[in-house]
Structure formats: C-alpha cells, structure tokens
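Enquirer: With the hints as a guide, bring both chains together as one complex.
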Amino acid sequence: MSAVTTGRTMADAFATAHAEDRAVLLGFLPAGFPDVETSVRAMTAMVEAGVDAIEVGLPYTDPVLDGPVIQAAAQQALDGGCRTAEVLQIVQEVAATGAPTLVMTYWNPVLAHGVERFADGLVAGGGAGLITPDLTPDHGADWIAAADERGLDKVFLVAPSSTDARVATTAQACRGFVYAAAVMGVTGARTTTSSLAGPLVARTRAATDTPVGVGLGVSNGDQAAEVASYADAVIVGSAFVRCLLDAPDTESGLAALRDTAADLAEGVRRRA
Amino acid sequence: MTTDETTSTTTTTATTAGTAAGLGVAHGAWDADENGWFGDFGGRWIPEALVAALEELTVAWTEAMADEAFRSELDQVGREYAGLPSPLYEARALSEKAGVRVLLKREDLLHTGAHKIRNVLGQALLTKRMGKKRVIAETGAGQHGVASATAAAFFGLDCTVYMGAVDTRRQALNVARMRLLGAEVVPVESGSATLKDAINEAMRDWVASVDETAYLFGTAAGPHPFPSLVQSFTRGIGDEARAQCLERYGRLPHAVAACVGGGSNAIGLFTAFLDDPDVAVWGYEAGGDGVDTDRHAATIVGGGAGVLHGSRTMILADSDGQTVESHSISAGLDYPGVGPQHAHLAATGRAHYEAVTDTEAMDALALLARSEGIIPAIESAHAIAGALKLGPRLAAEHGPDALLLVNLSGRGDKDMVTATRWFGLDPEAATTDPVGDPDTDPRG
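So the sequences go chain by chain: X and C. One point on numbering: in the numbering used here, the residue at position 218 of the first sequence is 218, and numbering is uninterrupted. One point on numbering: in the numbering used here, the residue at position 1 of the second sequence is 1, and numbering is uninterrupted.
Mixed in with the good hints there might be a few duds.
To be verified - Listed below are several chain C residues computed to face chain X (Cβ distance under 7 Å; list not exhaustive): (1) I46; (2) R204; (3) Q322.
Simulated from the structure, these hints should not be mistaken for lab results. Glycine included, each C-beta is placed from N, C-alpha and C at the ideal position.
The shape of chain C in the complex, shown without the other chains (with noise of 0.2 Å):
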C-alpha cells in the first residue's frame, strides 16, 4: 500500500484529464510515429489511390485536435448528448468473486449503448470540419453502424453504413435501427459477407468516393492515421477512469482490463496506463471454441504478423497468408485482425494478452447479471471473464484490496437473441432455472 500511495501522489500531479471526454493527441513513448508505425506494426499497406485522402485525414485531424474550439465543442457535445462521463462503479458482488476490488468503467451507460459512440462523434465532427457531406462505415454485429448512423443523424450527415450479408440477417434488429436514424444499410454478399468484407467494401466505395465522403471506421485498426485518430477519441475512457480512481481511492489500480477485439475500447483505457509501470495492462481476445481449436478470433495469442486492411498487425491467415475467418459468438470481437498498437504492446510486453472462450464469457454475462444487474455486451462479458481469471492472482500479489479496472464497454440489449439460444431462455422452454442446465444447454 505504501509503494502504490508514493506512486499515485506523483502521478496524480500529471494528471489533467478527468471531466468529460478527457481528449488529447499524445505523443508518447507507446504513440505511433509520424508514419504510423508502432514499433513494427502499423503503416499504410494501401492503394496509392487512397494515399491522398488519409494524408488530408491526417492533417485535418491533427489540426481539429490542436484547436480549443473543436475540442471543446466534441467535449460539449459528448456531455450533453453521448452522457460522458461514465460512471466509475465498484462492483460488490463481483469484487466477492474476483477476490479484488473490481471497478466497472460504464461505458454500456452511454448513448448507443457503448464507447463507440466516443469514436464517432469525433470523426462525425472532424467530418463537418473538413467540409464532406457523406460519411460511409462498416460494421459487424451493427453497434458501430448504429453509433455512425447517429452521429451522422446528429451532425446531418448522409451515411452509408456496409455490413456482411450474414451479420444483417443475424443482427436484423440494429439494420433497422440504422435505417431508423435514416442510413443505407448495404448488406455485403462478397468473400464471407462478414466484418471483414465490409470492410473491403467500404474501401472500395472510399476508393471511388473520396473527395466528398469519410470514411469512419469502426476501430483502432487499419491504415495510419486511424489507429491513432481512433485512439485519440476513445482514450477519454482511461482518461476519466484513471482520474476517477485517484480521486475516489487515491492511488492508481493495479491493473485494467478489457475485451480485444479491433481494440478500440482497450486502447481507450489502456493509453492512460501506459506510462505507469505500475499498473499491468491486459487484453482479454476472443477465444473461440478455444486457441487450440480452428474456431477462434485471438490474433495476438493464436495468429501472426501479416498485412491486412492497410496495416501490419497480428492476423489470422494460412500458411499462403490468406485470410481466414475468425471465429467468436461475440460479433463485435469476430475479426482475423487487431489495432496495431495492441500487436506492439504486446511484442514489447507492456500489456499482456490472454484468450477467453465462449463459454468463459457467456458464464461471465450471467454471472453478471444474477449478482449485479448488469447485462453486458458479450464483448464486455469477454473482459469480465478475464477479470475472473485475473482477480486471484492479483489478490496473490497484492492483497484483497487491490483494485482492478475493467471497462464494461458496451451493454447486451443485443445479444439477447444470442443469449436467449445460448441459455435456453425461449419463453416456450420449459425449465426454469436454464443457467446451466444440462438438458437445455448447448455446451452439453
């Protein structure tokens, strides 16, 4: 306890962050170069066609973040509307089981229900500021489409949002949620019409579209400078927490946690970590049916290091470096790529990355729900999980009263048809108590 308390009173100093969106460009030791590059990872592995327009992103939004106008209106816009921010919770009954103090950061209480709306308004108002009129997206199981067909709602822009023909039968709910806010939903049949064949569509149509439309992707992945822009609009979540921590219990946490899929909500609450050596950083992939199985979606611990949608990151491919498809019931974590960043911090060993499999994590959710009335994401629930494994060891270390932060990214109004087979809730069903149960359970 003394070490920790020495190192959050020098630490609390340095930090300024804390109200709302808690935004800045950092530069930092663990920030990419003036390229892109993370260490080894990251770059642009594009067509040249597409070079001109992320180099005007670049520029455009590193003046947006230099400009006390823009920042403050992004600020404004993400307190009054977004509902930033999020509440910092200490979760009792969850604490009981982890065998640390676990502190929820609630990004499931914002607008859209996750952080991803943080990453949106951002880009949206960067959008405005660059004088574009159309802005295009792509989308998995369709929370980054819903939260770009509500910035664009918000900002009156015309929105496109590209999403694999099989997420949209599976996710027919959030399409029509986008079409609500008045987006087009293009339901992507090519390659294996899932996350990552929106992706390819989307560039395509940015390829043909560029002079008046922005692209705003979904996560911390892709080519320079979208890890990094993306960073910069999600790294209010650690931001906020880390102040939130010290304020309420005077030191920094001993370690945070989240969920990896792009990792757009893991590099927002990583980055204002990163610079305590103290703090321990993990990364909770999604396991699949398991790492040592072909039915996965961990990159870092179950792929390699390969090019894929504009960056050098950790993929899954073939030995001929074709992709292969990922694998997760969770669609927000179901990619074969990750943020690059992620890839460097974890070659250089500053956050470490552990796989949860589906069952870990559907454990998680209800176990969640039944002791504290909170219904995650399944993406969430991955990180959840992770704090349960993480949690003894913790208590091993440092004590009972170790504090472990872990970001609730997203809530699981979603996931309820997922939930529902998973656990055998249908009203028709006959059981009661369907949580494990061995007749209704699908896991056997």
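The following block holds chain X by itself, in its conformation from the complex (with noise of 0.2 Å):
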C-alpha cells in the first residue's frame, strides 16, 4: 500500500483564492536555475510574495514546448548538474513553505526515473503533484493510476487547436486543475494576452468541474487581472524567469522576482 501525499495540493490553493474571491497564482521556475540553493530561495521568495502554489520545472535536454527564456534558463541548470534527485529536493524545500508545489516535466524523465518511483519521491517530499506538458491522457495509463492510488495532482494540457471531446477526455482525467495552453506556440511572455484563451476556458468548463488555469505569456498585473476574469488559475513562467536571467546579481535577481510576484498577486485580487 503506497502512501498517500500529505503535502497540500492545489485543492487547497483553490480553496484559499475562492474563499478571497481571486484567482490562484501559480508561479514557474526551473529547478536549479540559476543554481539548486539559488532557485530554492527564489521559489521561497516568490511564496513570500503572493504566489499561491509553485510549479518546480525538472530541466530537460528537449524542451520541445519551452521558448528560449526557459530554454536557457534550463539549460543553465542542467549545466550545473541539477538531475531528478536534485529536483525532488528543492520540492521538498518548496512545499515546506506551505504552497502547494507541483512538478511540471517532459515526460521521459519520470519514466527513466520509475514512474512508480517518482511518484513516491513526490509523496515524501510532500508535493503537490506533476504537470506533464508532453504526456496526453491516452498515453498516461501508469501516472494515472500511480497519481490516482497517492492522491496527487494530475494537471494535463489542452490547446485551442483541440477538438470538444478531447478537451472533455482530458479535463476529466485531470485532478487539481486542467491547464489550458491559451496560445498555439512555446512559452514565453507575450506583451498582449491570447485571444485563444477565453474560448477554450469555456469549452473547458463545459466538460468538467475541476478548475481551469490559464498558461502561456503573461507578464504583468494587469494581464493577470485580464486572465484572472475568466479562469481560476493564473500561470506565469517566463517572466519569473526573465526577472533571474536579466539580474546583474542574485540579490537584484530576487528583488525584482519579488516585485513581478507581487504585481502579479494585486492581479489576481482585481480580476479587471
């Protein structure tokens, strides 16, 4: 018998934001980026800040979904040795904060790992969950039943180019939120929101319950007001990262973290 995870999950986050009348803001960050002590202390500081649940990016050598900010930002951890073990202990560090605190990763790596395996290292570092942007439900048959036996979040991704009954599939295969993937390209912040992303959230919600996050290309307060009128979740990685990449330093680094999460927070709060 498997444990189950009792780290919170992003029911809890929902929870909190719905009790406030606000949508969840869900921070991303590349472990190990700019190195593992750096990008512990930057997920902390991006909690600290207003961000409500983390997602923990397991670098990867083909990042075939990722733009070239997180491209090099993963790169550069990778470089510095950063490898599952690594990544499951800065989860453990993350969720001590008390934020739920996901694992989005490519998929070959959980199965090199055990997926079994993984989910167990999830469990007792008191994670939240995986996001799996290159694993569709069809193919997901072992997380799935790995993820369903612990409790944890099971969060896929639909685009604007997926028909009704595929978005009906895999909103309902997904427990804590489904990621909806708002414009048709990699990640990256983008200086005016999608189009795309209204429509999709609402074919979304007419196939499930379970709360709706938006992803791909916000950067400021104000589009996460935007986003934050319609969908339940506001996901942010690009910019977080810039914030990092940009930094002569890691002090100023930080600073500059802490004040995008905090522009993004009053965001949220506003729903504009």
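Expert: And the structure:
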C-alpha cells in the first residue's frame, strides 16, 4: 500500500482563493536555476510575495514546448548538474513553505526514474503532483494509476486546437486543475494576452467542474487581472525566469522576482 | 538452391510493385496499429497542441494513399524528376571481398543524391493536397534539408530548414545549396546545436504555425503517423529491389542490409521483405568510436527504451532520462533516437542490428571507391561495412552464390571534406597513397 500525499495540493490553493473571491497565482521556475540553492530561495521569495502555488520545472535536454527564455534557464540548470534527485529535494524544501508544489516535467525523465518511484518521491517530499506537457491522458495510464493511488494532482494540457471531445477526455483525467495552454506556440512572455484563451476556458468548463488555469504569456498585473476575470488560475513562467536571467546579481534578481510576484498577486485579486 | 526457388516461385505472384515508386500503405503484421504502435514502441508522446495537426495529417495521408490520382502523380514525378526506379547493380569486386554476390540498390543515383528524395516528394505532394503553402524541415548533415528545399522549389512551397549551428558550420556547402534552392536556413544554437535540437526547434515552429505549415519529417521516427508515413514513401526501395531481384535471379536475396540512423532508408528496404521469413534482415547502426565507449550513435545495440521526439523507441539517455549526445563520423546517422518500427523489429528478432565503427565505415568507403568506382555516403558505407561482416556468414550457410542485397542509400559528394581529413587527402599533403598511411592516418 502506497503512502498518500500529506502535502498541500491545488485543491487547497483553490479553496483559499475561492474564499477570497480571486484567482490563484501559479508561478513557475526551473529547478536548479541559476543553481539549486538559489532556486529554492527564489521560489520561497515568490511564495512570500504572494504566489499561491509553485511549479518546479524539471530541466530537460529536449524541451520542445519551451521558448528561448525557459530553454536557457533549463540549460543552465542542467549544466549545473541539477537532475531528478535535486528536483525532488527542491520540491521538499519549497513544499515546506506551505504552498502547493507541483513538478512540471517532460515525460522521459519520469519514465527513466520509474513512474511509481517518482510518485513516491513526490509523496515523501510533500509535493502536490505533476504537470505533464508532452504526456496526454491516452498515453498516461501508468501515471494516472500512480497519482490516483496517492491522491496526487495530475495536470494535463488542453490547447486551442483540441477538439471538444479531446478537451472533455483530457479535462476529466485531470485532478487539481486543467492547464489551458492558451496560445498556439511555445512558452514566453507576450505583450498581449491571447484571444484564444477565453473560448478555450469556456469549452473546458463545459466539460468539467475542475478549475481551469491559463498559461503561456502573462507577465504583469494587468494581464493577470484580465486572465483572472475568466480563469481560476493564472500561470506565470517566463516573466519570473526573466527576472533572474536579466539581473546583474542574485540579490537584485530576487528583488525583481518579489516585485513581479507582488504585481501579479495584486492582479489576480483585481480580476479586471 | 532448391528450397529458395520454391520460396521465390510462391512469392513472385504476390509481388505487384517494381515499376517505379512502388508505393502502397500496407497493413501487414509488421505495420503500426491505428494508434501508431509497433508492439511496445511508437505512439504519440507530444504536446496536446500538436494532436489535431497529426490527426489531420493521418487522415490526409490515408486518403491520399488510397487515391489513385495521388499515387499516379507521385509515381510520375518519381520517374521523370527523381530518376526512379533506381538500378540494382551486382558489385563484382565487392562480392569477391564479401564472399557472396552483393547487389547494390543504387539510391545514390537519384536526384539530390540519396533516397531522401522519395520521402520529401511524397510529403510535399501531400502538403499541396492539404492546401498548405509552407513546409518546415530539420536537417543534420543537410541532406534532408536539401531534399526538402528541392521538393519545395519543385512544388512551389515556402521552405524553412532548421539546422544545428554546429552542423551549419560543418556543412557549409549544403547550407549554400538550400539557400540557392530558395529555402530559409535557420541555425539552431540551443542545446547541443545538432540534429536533435534542430528537431526541437522545428517542432516549436510547428506548434505556432500548424494551420498553414506542414512539417516534412526527415526520417521514419517521431510521433504517429510519421514513422508509418515516411515508410510508405520510402518503401519503394525494397519493393523495387525485390522485383528487380526476382526478375534477374528468379529468387529472393538471402539477406538484406542497410544503415540505420533514424532508419528511413532501412525501413524503406526492409518493408518489402518482412513477410518473407527466409530473408534475413540486417541493420547497421553507427558505432562511432565503439559501442563500449560513450561516443557512438547505436541506439538499438547500445541504448535503452525511452521517449524522444514524440515516440517510444530506443534512445541514448542517461539514468535520469536526459538525452545523451550521440557521435558518429556520419552526420546522417548522428542521432540519439531511432524509428520505433526498428525498435520493434529488433525486440521481436525479425531484424538484427549491429554497430559499425567510424573506422570500419571509412575503410568500407575507401574499398568501394577503389574496387567499384563508387564513392558512397558515409552513412551508406556503414551498410557496406556491415555487408563485409555478414557476407562470410552467409557464404558459410548458403555458399558463394548467396545473394546479399545492400542499400546504397546515398552518394558521398557531401562527405568529401570529412574524407579528405580522414584519409589525409589534402593536396598539400606529401603522400601519394594516403589510405592507411601511418604518417597521415588520424587513427594512428
């Protein structure tokens, strides 16, 4: 009999946000970027500045869904030696802040580690679950079984190009939330939010009561407020990575990260 | 001899292909199921954003292959523009070395110099049929890029080719060829800046441009339907060779052999023979410095199962599942994955795979050049080296009259810089017989 997770999951974050009549802010950083220790400090700083839940990115050699900013950060993490063991350690430290902590990972590292063993590692560290950008539910039977057994969140993606039938089957396979990848393209900050997002969220809601998070492209409080007006969670990645990439030193990077997090946290409370 | 002829008599009647492109979507025991699975390998491990495009492609391809007009147009283009069918040549000097009769399928004589033209003409005509105006492609050494740029020029499509920045520097001539053909060449700086990263970047382009863009995938790998789709366009290699062999010798070969990187030429040769149980099937992977070193590209012989570029197949990865950089002197085989059908053929034992080192391949290249007057691509030289190992085994079992069919998948013009360096052929060098000369031989 496997252990069931005792860490906080996305349901906890949505319960809190619902009580405050606002959207959840979900922040992404690659594990081990710019190094293992700093990435823990950075994710902790994000939580302290108002990010509700953290996506810890598992750095991977072939990230086909990521734009240049996250690619560069992941490469730096890999070059620094950050591997699956370090990622699970980071999850444990970040989950200790009390924020639900998910791992976002391409699938081969999980397969190589062993699906059951990876799930056990998440449970042991208090992790909430996985977001799987290149695993669709029709290929995910092993993971779905492992997550169900342990009460872990399993977050799959829907896209503007998904048929209604696929939106429905994908949404119904999710626990925690459904990740609406709301632009057709790779990750990266964009100056305007996507016109594809609203209709995709509506189609997803028609298929499930599970909350819907919108990702890809949000970088400031105004955009966050706009997305928060129709989504349950606002997902931000590249804008956070950029804070650390552009900073001349760690401390100013962390300061920029706090400012950005605070701006976004204010945005999800505005729901403009 | 008697049993062989019995076999060939019964199989001759089943052979319908053999004129030109020899196309056909087979649904035999060795083909993928409707979800793209070859046994435990294949599938579609991709972002949801690409699922709709791959579904659309699957439907369009299936319909096209059932459409006589599409097949007839592709057949005509293949014959009149690309030079199909390629000849089958019994290489007498090479046969002496190998100990059996070696038949070379001369894909090196096709337009653009390799079997790749079969694949790109098929995919580009399919693109036109789908009403898309732009194609993208990845390339390693540049051969698939050149073929894609050629097909795009022929069919009037816009073409963007992603190529690792390391490769654009190594293969400047092919970059110039693609640009002359009107393609945009984008050097990819991310990751290891080689073929696998070019595939990543092409996929990123495709996620954002899928409505108007077709991805001309360069090998029989990737997510469903690419392994099957590419096989359907390259299988003419084996269909033609099988008919040519039966017509000339009245029997099937005892064995067929091809080099395997991603595996498009190999699966193109193998497919016609998979249901012939007496035909042995051999694939030769790039052994680099040796499979016992960490510098090779032999995913089946020296790798493990995993997911890469949309497919569950044999890959080179570390214990954390991070892709390991491959190495081969042949840029076209220098890839840390392989088509899932090859993984399945290996797992079931229907096909055998061995590794050929850089040195063995280059020795075979020199041998073919001097004994037959054919300079093969370094990729194809791996198949020649394999034939030299396999020949004596076949001879022991079947005698010197045994037939060994080898795919000469491409010509070596593109490899002259590498060959010049390897053999010390620089005009400035003092030696007159540089092959194997201990003073100039980089192998020491």
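Enquirer: Give a verdict on every hint.
Expert: Hints, verified against the model:
1. I46: Because about 6 Å separates C:I46 from the closest Cβ in chain X, which is inside the 7 Å limit, the hint holds.
2. R204: holds, 5 Å
3. Q322: Hint holds; C:Q322 Cβ to chain X Cβ min 5 Å, cut 7 Å.
Comparing the model with each numbered hint stated earlier shows that all of them hold.
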